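So the protein lines, in turn, are chains A and B. 32 is the number that numbering that gives the first Met the number 0 gives to position 33 of the first sequence; each next residue is one higher, with no gaps. 140 is the number that numbering that gives the first Met the number 0 gives to position 141 of the second sequence; each next residue is one higher, with no gaps.
It is worth saying that the hints were derived from the structure and are not from the lab. Note that this is a predicted model, so its numbers are computed, not measured. Hints may be right or wrong, so weigh each one.
For chains that are exact copies, the list does not tell them apart, and a pair is met inside one copy or across any two.
Cut-off 35 Å, straight-line C-alpha distance, at most; resulting in silico cross-link-like pairs (DSBU-like, lysine-lysine) [claimed, not checked]:
1. Lys13 with Lys124
2. Lys185 with Lys350
3. Lys191 with Lys231
4. Lys345 with Lys232
Chain by chain, the residues:
2 protein chains.
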Amino acid sequence: MEVTRQNFKEALPKLCEAVEEADFIAIDGEFTGISDGPSVSALTNGLDTPEERYCKLRKHSMNFLLFQFGLCTFKYDPTQSKYITKAFNFYVFPKPFNRTSPDIKFICQSSSIDFLASQGFDFNKVFCSGIPYLTQEEESQLREQYEERRGQMNGNGSITYTPNSSMSVNHIPEDQRAFIKTVEEKVDDLLKNSEKSVDLESCTGFQRKLIYQTLNSRYSKGLHVETLENDKKERYIQISKVDDEERRRREQQKQQREQEELNDAVGFSRVIRAVSKSGKLIVGHNMLLDVMHTVHQFCGPLPEDLDDFKEVTMSVFPRLVDTKLMASMQPFKEIIHNTSLGELHKRLREKPFKSPQTECPDDFQSYDTSSEQLHEAGYDAYITGLCFISMANYLGTFLTPPKSHIAARSKLLEPFYNKLFLMRVIDIPYLNMCGPDLQPKRDHVLYVTFPKEWKTCDLYQLFSAFGNIQVSWIDDTSAFVSLSQTEQVQIAINTSRYAESYRIQTYAEYLQSRQKSTNTNRRWASDGWSDTSYGAAAMTTTSGFSHSRQHSMKRSISPSLEEQNCNADSSWTHYCSAKKIKTDGDGSQTHAGVSGSEGASSWLEQQTDEGGACLGQDQEEAAPDASSTSQGKRNRKHKKRTSDASETTPPLLFDVPQVW
Amino acid sequence: MEVTRQNFKEALPKLCEAVEEADFIAIDGEFTGISDGPSVSALTNGLDTPEERYCKLRKHSMNFLLFQFGLCTFKYDPTQSKYITKAFNFYVFPKPFNRTSPDIKFICQSSSIDFLASQGFDFNKVFCSGIPYLTQEEESQLREQYEERRGQMNGNGSITYTPNSSMSVNHIPEDQRAFIKTVEEKVDDLLKNSEKSVDLESCTGFQRKLIYQTLNSRYSKGLHVETLENDKKERYIQISKVDDEERRRREQQKQQREQEELNDAVGFSRVIRAVSKSGKLIVGHNMLLDVMHTVHQFCGPLPEDLDDFKEVTMSVFPRLVDTKLMASMQPFKEIIHNTSLGELHKRLREKPFKSPQTECPDDFQSYDTSSEQLHEAGYDAYITGLCFISMANYLGTFLTPPKSHIAARSKLLEPFYNKLFLMRVIDIPYLNMCGPDLQPKRDHVLYVTFPKEWKTCDLYQLFSAFGNIQVSWIDDTSAFVSLSQTEQVQIAINTSRYAESYRIQTYAEYLQSRQKSTNTNRRWASDGWSDTSYGAAAMTTTSGFSHSRQHSMKRSISPSLEEQNCNADSSWTHYCSAKKIKTDGDGSQTHAGVSGSEGASSWLEQQTDEGGACLGQDQEEAAPDASSTSQGKRNRKHKKRTSDASETTPPLLFDVPQVW
């Protein structure tokens, strides 16, 4: 069901009913962009801590607009062994509903807009008919305004005088006297004749002020004065004769009208409130950005601190499942190799998985999964739900006896609760929404600072003696370099001690020095993200090339990851061991294998697989390109360098023959 | 003529022809918003200096997108006494034309988008079919890339190997060996069989790199290797057998293709270049923002300094006329009371003006001025041109003998050249694009700083002894207060000397202290414009009320304004005196009366007249609303205050009875 401003009022009760009866609810959002920083890759450093990642997304993704919200409810009908689905595709736009409402500014990213355009996105629908919304605070402020005005009205006798300006008028300026005189004459006429009301000509705010003031002092009762707007949005004053009863009736009407206005203004936020109130399981695919945008746009500003964000989010959506994370966990990760939504959906229609049977009521749009409509939020929400059901039911095959239907509230699903996929973080698969995050050991990681002329190839040259390394750029003058063997760390540090052009610290030292700097925000301000970065970006050469492939995954599991075995689910142990999953760690760990050493390596492979995505994107597919763009820039620099041999080359850590 | 990506190539020669033959060219732009600051009113302080205004517009308006560009050429046909008009309505969008092009981010302002939506603006057309563009620097960079690649190709023998990454590969990783082996087999097959080429499967950037490297080292000549993209935007490699001639042919083809790509990428900027090259007179209505956006988006980043901006602009558009400014100058200002484009156009169809006769060739869209299509850029450009002609011809009636047609290059129009209307500046009517700006005397202006709790009413109370004052807010804790009598300034300063809660300086002192602070940018950073200000704005109450009405215009003309009588045009004197125009100054002044004392006061009235504009807006009509919104906020504060009498009230400058 497509929902715009035009049919929102009719759709809302249907939505509420669907939410109330649902077993679970799948959601998806479309945004006007991903990152207002220099590149999406800068948003997703492979060695971000969860705090850093949250901080970056909050700062550089929230100024985009979530302008299409897909929601699909799933209710299991045991008599037919079928899910009844109700899909809603909401167009959302912060239309200023009157002169006093906030005038939201949002950023658009050309590549995202162009991608959505290529997918047939209807921008006219969103901008002309998008449903407005308010956060809770904005609603309170609006309500307060209405109440304040009402209070004044009541205290003010019959004339509903709303002081429109802080500047009182104590005399009528010369040039306005004739104008006010004609108004007075019109009112005198009205009081004498049989008309019920008179409309004055449209006039300026100052003139309206003078009129209110004059009427207030000259006529004590029996007049109702109201400012109205004509078709041309010009304001004019209507003066009516009223008795007490009539006045009460009018005031009641006005109150009702205001309440309706208020409801209209809260608009789409009422959908989110209904979903939140239901406490139902919310399923999304790679849903961190969806969740952040939803909270930010419809509930209230995101807190600075990650722990506060988790708390707020859990109070809005107490149970979340991310299908991208689920597909990357045991027992799925070994049989699902591409976790992008479209590919996942395809995979889950093949053995050993089974497509669920679904049916949708007549008044709802049924999606034909054979003709893909990816990137329409309603469709994406629908197939996200299908993916969840397929994976959930697959878990049932491990039970004795096997079960073909696993309910959304099954204990089997608990290991997947409230863990949100973390894009492109090498060693932390997910954000743990209901507790502390995994803390991977990063003692093979070096923090390297160097002159801003350096490029990736200079770092490779510097560390050429160490075999395969992995470079994660932080900004123009620093990067993380992951060595394949932790033993090499000390050698590198020792050798660098006398270097002048660059500096090497261990990851632990880096963390320490960060904690010392009291203002952590400063880090973000100095990392190359400038205020005007969403202006013209620099031209760059690019490639789809990904460094991470070179990383040969020799390092062992970090103990701190292994220790995170809280919330162990015994039913989980069952099918983990049944599948003889190859992990160095304990099969019963709730993160279901992904954080084991094997897990970390296949994790990475998976991310690399997605590196070949195309130019167009949503939040899931966007990053690989931008990542290559930023690499491209460095590549171009590199090319320039090699063509000019007179430039100084960076020192080698060791005197080894230069192979490339 | 509506021009999108689809018909741009056909339209460009027509545009160039129209520009070349034109007598003058009218332009208009539509933007995605006006101000990314807290409010538009903050963008337009009534006492901004030209430098300050430019600085604010550059910082807070340029991140919006100019996405519709209207251009209408006017060529006079003396045989028919008619203008031949050719109107173009360009949709403009920075579609990333390939992976390496800049990914522009731009801001949208909900009220502007909503307004355009209400006017029937086609967002799908702009986002799906908008013409791309590049600045000159972006074009150079792109050209450089192409040339660099070509150079490498030539030096590289037959294999056109473009190093896609800075990281060379010196060995093939274990897991890729089988893959590379199959590629080698395919190439060996190709060399043996009669096929001309073979397409490899799509693969990752890393794999492509390995393929290039392998082929480069194993096969010396006779192979052409190229990376192509399939329909799904996946990249794959095509390997072809070629002899020398075939190779040259292919390279030539490629070069042609690249040149075309480059032209496509430069796109709409070619229109601006053609217009600029023609040196023709450019007419716009309230065109400062149009000019700034045009230079910024299609030529290059705006310089920080106003004088540099003037220089750059004059090099792009050597002659400009702003019809809003023209209509506000002598001899028009006394007979034209509303200078907004729609109203001006209406007024100029009545006596003493005459509508010009126009005709448009068959293949161009003819606009019907009786059914308004305001806010379509092509239409707005068209009627701006009509307004210009009507006003220009009106000047001819002052000649002896009178002339009914005044050419665009007539000396009569020189007084209007290169002066751009300055919105809502009280005492500086225009930005002088080809010289220093007017420097009004502001010795009746006070710079007042106070606690952030203060509202407009507190300032009125403070100065209640001085009669009418005018408040121009700067930020939460400072404002300019204009007194009606300069003599009061010293009294106010003396009285404030012992005040603790507020501080008063003269305007001269304020200027001095600003010059002292070396970093003028800091002022903008601390004026309440925060980075995240385009997030949710605060809710505000509002009114159409404008303070400036209260200002009773008693102050005399500033001598420095009167002294600006350079470039006097004797033909001007003629009709100024013929019409017995009431000015205190010299009728021969080139700014045609607007800067005289009479000029300054009617100037202000005019601006106030526009204060009643409706919610919808373009850059012309936008500001009044936002201005009232920001006042509304202060009003709301005020209301709270008055309802809570226990709050401390600000001190009075004098012990006068409190009238309000």
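The hints, checked one at a time:
1. In the homo-oligomer, the alpha carbons of Lys13 and Lys124 lie at most 35 Å apart both inside one protomer (21 Å) and across protomers (33 Å), since each shortest distance falls under that limit.
2. When the C-alpha separation of Lys185 and Lys350 is checked against a cutoff of 35 Å, the pair qualifies only between copies, where the shortest distance is 32 Å, while the shortest distance within a copy is 83 Å.
3. For the homomeric pair Lys191 and Lys231, the shortest alpha-carbon distance inside one copy (31 Å) is at most 35 Å, but the shortest distance between copies (78 Å) is not.
4. Only between protomers do Lys345 and Lys232 lie at most 35 Å apart by alpha-carbon distance; the minimum there is 19 Å, versus 52 Å within a single protomer.
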